[in-house]
Amino acid sequence: MQMPPLDPDILRRRGAIVAALKAIVPGEGVIDDLDGMRPYECDALSAYRQMPLVVVLPETVDQVAAILRYCQDHKVKVVPRGAGTSLSGGSMPVGDAILLGMAKFNRVLEIDYANRCARVQPGVTNLGVTKAVEHEGFYYAPDPSSQIACSIGGNVAENSGGVHCLKYGLTTNNLLGIEMVLMNGEVVRLGGKHLDSGGYDLLGLMTGSEGLLGVVTEVTVRLLRKPSTARAVLLGFPTEAGAADCVAAVIASGIIPGGMEMMDKDAIQCAENYVGAGYPLDAEGLLVVELDGPEIEVDYLVARVEEIARGRGATTVRVSRDEQERVLFWAGRKAAFPAVGQISPDYMCLDGSVPRGHLVQVLAEMREMSKSYGLRVVNVFHAGDGNLHPLILFDANDPDELRRAEEFGADILRLCVRVGGVLTGEHGVGIEKRDLMGEQFTEIDLDQQMRVKCAFDPDHLLNPGKMFPKLRRCAELGRVTVHDNKLPFPDIPRF
Amino acid sequence: MTGETIRPRDARELRQAVEWALNDGVTLDVRGSGSKLDLGKPMQCDQVLDVSGVSGIVDYAPEELVVTLRAGTPMRDVEALLAQRNQMLAFEPPDLGPLLGRAPGEGTLVGAVMGNLAGPRRLSAGAARDHLLGFSGVNGRGEAFKSGGRVMKNVTGYDLSKLLAGSWGTLAVLDQVSVKVLPAPDQTRTLVLQGLDDTAAVTAMCAAMGSPHEVSGAAHVGDRTALRIEGVAPSVEARLKGLRELLAASGAVMEELATFESRTFWREVRDVVPLEVAPDAIVWRLSCPPTEGPAIVARIRSQRPSAKAFYDWSGGLIWLALPPVADAEHLLVRAALGATGGHAMLIRAPVATRASVPVLHPQSPALAALAARVKESFDPKGLFNPGRMVSL
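So the protein lines, in turn, are chains C and Y. Position 127 of the first sequence, counted from 1, bears residue number 127 in our numbering, the numbering being contiguous throughout. Position 47 of the second sequence, counted from 1, bears residue number 47 in our numbering, the numbering being contiguous throughout.
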């Protein structure tokens with residue numbers, strides 16, 4: 001993974017930069033010693049590590065604005081960071097960039113049940129929002145697996161998902177407004193407690209922009225009432241195709257489950273050995289289907305899902321009898337990653353999305369690749385929305401295995417794109433998938449995205465080295481080429 | 001003055017047309033069916049670029065919940081196709097044709113996306129922006145580009161679909177879109193509470209929306225407060241009962257609308273029929289925090305007693321009709337929003353009024369400057385729909 005070369009001029013000016021930051025954020029908000037910066041040297045994509053130039057932890061919007069304005073004026077790069085749980089290196093430090101940590105923005109500012117929203121600072125954890133409102137029967141719907149640790153600001157940057165996206169949407173569908181600071185230090189508010197502001201949907205653009213466009217300082221999220229009942233159904237199939245057919249049939253019948261997860265045989269076995277959730281070890285494909293809503297509806301839908309599954313050859317059909325069993329059914333799925341961690345020194349988690357109709361083909365091709373690379377792959381995924389999480393097993397101490405694992409992963413993502421899918425469903429591009437962007441996008445597509453970046457950050461100072469495989473100067477991107485020869489286009493109908 | 005009309009038949013011709021406009025420095029009035037010509041700021045363009053010839057369904061995969069279609073495809077064709085498989089566009093795009101003095105059923109799906117329109121189900125299912133999965137089109141440099149895809153979960157690169165939805169054709173000319181669809185509910189029933197005033201009605205609607213009964217529409221029209229429940233029969237029955245119990249304390253007399261009557265009622269709310277406007281009335285659409293709705297309307301009525309209004313989105317959407325005045329009372333209407341952070345869009349007014357008054361809610365200088373830079377990043381020469389969103 002190549003990062004842009006460090007700017008020796010910035011490294012030389014480090015002392016002055018640290019002093020300037022200390023003038024903006026007094027006290028212990030500036031960390032410039034190696035031991036103090038160590039916790040920030042990586043995010044959850046921990047294979048890549050890099051010490052930042054300096055860490056700054058502002059506490060007020062004015063401080064964030066002053067820091068960004070200083071960085072703009074002095075052409076200093078900035079990497080924003082929430083809780084540092086990015087799986088794609090989105091918050092990985094850059095050696096000649098300030099690491100701007102938003103952890104001190106950790107307050108819930110307002111809860112408005114009547115208008116079903118909460119105004120929170122970006123450092124509040126995802127689960128923290130739900131914890132603040134669950135005593136009134138409400139919750140915040142997106143539930144990435146890191147929800148105990150990940151921050152709302154990070155969720156906005158990455159447009160985080162979770163297992164309930166199919167029914168409840170991603171972060172972008174659950175936001176009402178944000179306040180953010182632009183690279184030039186301007187503070188703007190997008191949206192609020194109301195729906196659909198006129199003008200360009202910059203809130204939608206900011207969501208999933210991976211910290212490249214602005215620094216979020218406040219978030220207004222939608223709250224939902226917790227469904228009164230939730231039940232999980234375990235469905236085991238003798239073939240993966242049977243399981244995949246069942247997923248398509250459930251949706252075609254008009255049912256949108258709260259969650260619909262699939263595991264392959266290896267994943268079932270790993271999970272079962274690890275937590276003993278009672279998964280059927282003879283199944284080639286296992287579905288965990290969660291249905292939520294009013295009790296009578298859940299009963300009705302569970303019966304229909306059971307019927308569909310039996311019609312598709314399910315050999316195991318078990319419905320959770322109580323909350324304890326529902327949690328147990330999920331425990332295996334949720335423990336799949338650590339369970340795989342027990343059988344392999346290292347694993348790499350991928351995140352491609354494919355049209356569901358191609359699931360079986362993609363799984364089969366992945367197996368073939370697994371043989372040719374000589375590395376095992378275990379599959380756990382959000383079947384309802386076609387979001388795959390293949391886990392490639394390898395040993396990082398063996399440099400050749402690491403190399404093969406990286407190549408295998410890239411091949412899987414190319415396969416996803418080839419069947420009409422995309423490189424990343426919910427983890428983001430970051431540094432991890434940056435160099436594969438050309439598989440999905442043309443240069444023109446990427447140039448257009450970079451021009452949008454230029455509208456926010458004309459000097460490419462914010463989260464550099466992420467998302468774009470190569471950077472082009474904004475001035476160069478801004479030039480308009482007009483052809484000399486006037487083209488007649490005689491065949492287009494005119495009136 | 002708008003000159004001749006260019007009518008490309010496919011994506012290639014569409015790109016050629018934009019390239020030509022760029023070369024000749026010609027501004028384009030980009031339109032599909034033209035059903036929203038009387039909505040938004042009026043324009044003075046050199047040419048009309050009519051994309052209605054780039055039309056047709058490309059792919060429909062009901063079990064994948066996605067339909068891919070060309071930009072000129074009529075909305076009625078899309079809706080008919082989805083209905084065959086018992087699916088729908090969950091954002092319930094309104095047909096504002098009759099409100100704007102045109103025939104019903106004229107619009108295109110992409111036209112609804114470009115206005116980011118949404119009906120009563122906006123509350124629970126989102127707006128057009130939440131359903132646009134991806135697109136391809138041409139930017140103001142005459143370059144064909146794409147963003148997004150046709151899968152439900154996708155965070156690869158910037159979500160330009162959000163930016164295009166609600167851009168009124170000012171950023172790019174689309175040739176194809178992929179849109180998320182959802183199963184249509186088996187049943188649609190409505191609980192109607194009679195006789196509540198605006199404040200009591202909004203309180204009841206917010207309580208219903210905050211309940212576990214999954215209300216998918218909450219409107220207050222006159223003295224009727226309507227709550228929509230959709231889904232499978234046994235669930236609908238149970239939730240209606242739950243809602244009645246929840247709202248018993250309001251003291252309101254309650255009645256129920258069955259599926260057919262319900263569908264008519266909500267279609268009319270969607271298309272702003274209950275406003276019963278005079279042919280020359282000014283129409284505004286106000287978006288606000290739901291609980292602020294009644295106070296906003298009261299502020300307007302205190303100065304313009306003849307103002308007519310009804311509420312959708314649990315009070316968060318106000319449809320307002322005022323007698324004709326040259327400036328559409330824009331200062332009064334926007335002042336009434338006060339500090340709620342909401343916004344007001346002028347939906348219907350004579351062309352001279354729309355030319356002189358901000359149709360969309362004015363933005364802060366920093367935000368307006370940022371929006372202008374975003375526009376420039378797509379369309380540096382200002383070819384597409386100049387002045388459609390903001391005065392030039």
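No wet-lab data here; the hints were simulated from the structure. Certain hints may be false.
[Unchecked claim] With beta-carbon atoms standing in for the labels, derived distance ranges:
1) Y:264 x C:104: 46 to 56 Å
2) Y:356 x C:19: 37 to 47 Å
3) Y:34 x C:418: 33 to 43 Å
[Stated by the list, open to error] Examples of chain C residues lying across from chain Y (beta carbon under 10 Å, computed):
4) 15
5) 106
6) 107
7) 108
8) 111
9) 115
10) 188
11) 192
12) 203
13) 249
14) 254
15) 342
16) 344
17) 440
18) 447
19) 453
For clarity, every value in this text was computed on a predicted model and none was experimentally measured. Cβ coordinates follow ideal geometry from the N, Cα and C atoms, glycine included.
Discussion item. Tell me the hint numbers this structure goes against, listed in increasing order.
Written reply: As far as the earlier hints go, 2, 4, 5, 6, 7, 8, 15 and 16 are violated by this structure, in ascending order.
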